[in-house]
Structure formats: structure tokens, C-alpha cells
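Below are the chains, spelled out letter by letter.
Number of protein chains: 2
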Amino acid sequence: MDKVNLGQELSRLDSCWDPKVVGELNDHQVKIAKFEGEFVWHRHEREDELFLVLEGAFDMQFRDRCVTVSQGEFIIVPRGVEHCPRADREARVLLFEPAGTVKTGDRER
Amino acid sequence: MDKVNLGQELSRLDSCWDPKVVGELNDHQVKIAKFEGEFVWHRHEREDELFLVLEGAFDMQFRDRCVTVSQGEFIIVPRGVEHCPRADREARVLLFEPAGTVKTGDRER
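Top to bottom, those sequences are chains A and B.
Quick note on this note's numbering: the first sequence kicks off at 41 and runs consecutively.
Quick note on this note's numbering: the second sequence kicks off at 41 and runs consecutively.
Next up, chain A with everything else stripped away, as it sits in the complex (with noise of 0.2 Å):
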């Protein structure tokens, strides 16, 4: 039962496209990236993700439009959607998604 300190776990993040796992609760786990450039076209068969903005914007793709997801903004895609995040610039991101969850869903990477 010790609080988590985003900006303290988002400092330690390397790599971009790398979650960490910072929290679990039921069957799911919080984690948080760095998204910067693209990464990879793909869907979850069977897990509803979501995509809080911490710091900076990003553009989730779909296969018929795209959405900016800034600061302070959310966005849960749903599980067999395909989607492809991009970030021109570095943004940090909260994901909430179940336990498990491979990040290239459908997709080697």
C-alpha cells in the first residue's frame, strides 16, 4: 500500500516503446512508456487497452482516422482494433491494461 510517484518511475524509463510495470490491482497492471517515433501496427484479441498522457501528445492511428491524445487525455482502444501509436516528439504515457497483455497484440516486433 505504498503510493507510486509518477514523475519519480517516468525519470527511471530508458528506452522508448518499453512499458514498465508500476502497479497491479485485480487482474490488471498500470504501466508507463515513452512513445517516440512509430511503433507497430497490431490488435488485442481479447484486452481493451487505455492511453493516459502524462506529458506531451501522440497520435493513436486507426485504419480509418487518427486521434491526438494530449496531456490530460485518455483514450481505450478496444480489444480486435487494429491501432499503431506515433509520437513525433517524446511523450510519456500511463497504460491500464489486463495482466499479460503482449504489446504487439497480433504483431511480432
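Derived by calculation from the structure, the hints in this document are not laboratory data.
Errors might be hidden in some of the hints.
For chains that are exact copies, the list does not tell them apart, and a pair is met inside one copy or across any two.
Straight-line distance between alpha carbons at most 30 Å, and here's what the computed DSBU-like set of lysine-lysine pairs gives [stated by the list, open to error]:
1. Lys143 <-> Lys74
2. Lys60 <-> Lys43
3. Lys74 <-> Lys43
None of these values were measured; they are calculated from a predicted model.
Starting from the structure of chain A, add chain B where the hints point.
Then chain B, alone, in the frame of chain A:
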């Protein structure tokens, strides 16, 4: 797949201790709430709860200690653990918990 702006949602909150659902994923809900004053001692038999402070600070009281959680910090209260949030000044908090979680747990309010 629309994004949610937490600032906008927070500006629409009226009363304290009255969480509003702003997102749903898997079997969980994202809620926001204003905390001011003292809530009620309670516990949840089956649900872990996450509290992330968006603005201000609050004290999460446990029977044996108290943890002050400030902006940019979160705390996870495990199932079964009695707790009572308290805020001397208004705090704005994001909650993450299973859908159907009763805010007062085992206690009427």
C-alpha cells in the same frame, strides 16, 4: 474510440464523493471524483481500487497508518483492507476499479 479530456470532465463534476464514470474497459471502470472532507471507513471484499491524484492531495487513512497522496501519485488499496479517504482541501482524483464496485464497500452511507 473517442478520447476523453479529464479537465473537461472534472469541470462538470458537482458534488464531492460522487464519482462519475468516464471510461470502461474490460470489466473495469475509470471514474473521476472530487474529494473534500472525510468519506467513510469501508472495505471492498473482492475489489482492489486505484486512486490517482489529478489535482491537489488527499490522505488515505488505514487503521494503522495514513498515506498522503499528491498530484501525480497513485495508491492501490487491496481488497479487504479497511480505508477512509480524507481531504482537507478539495482534491480531484481518478479512480480505477472493477465495474459494479460500491463506493462505500461493506458500509452504507
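### Task
Output the numbers, in ascending order, of every earlier hint that fails for this structure.
Violated hints: none; all satisfied.
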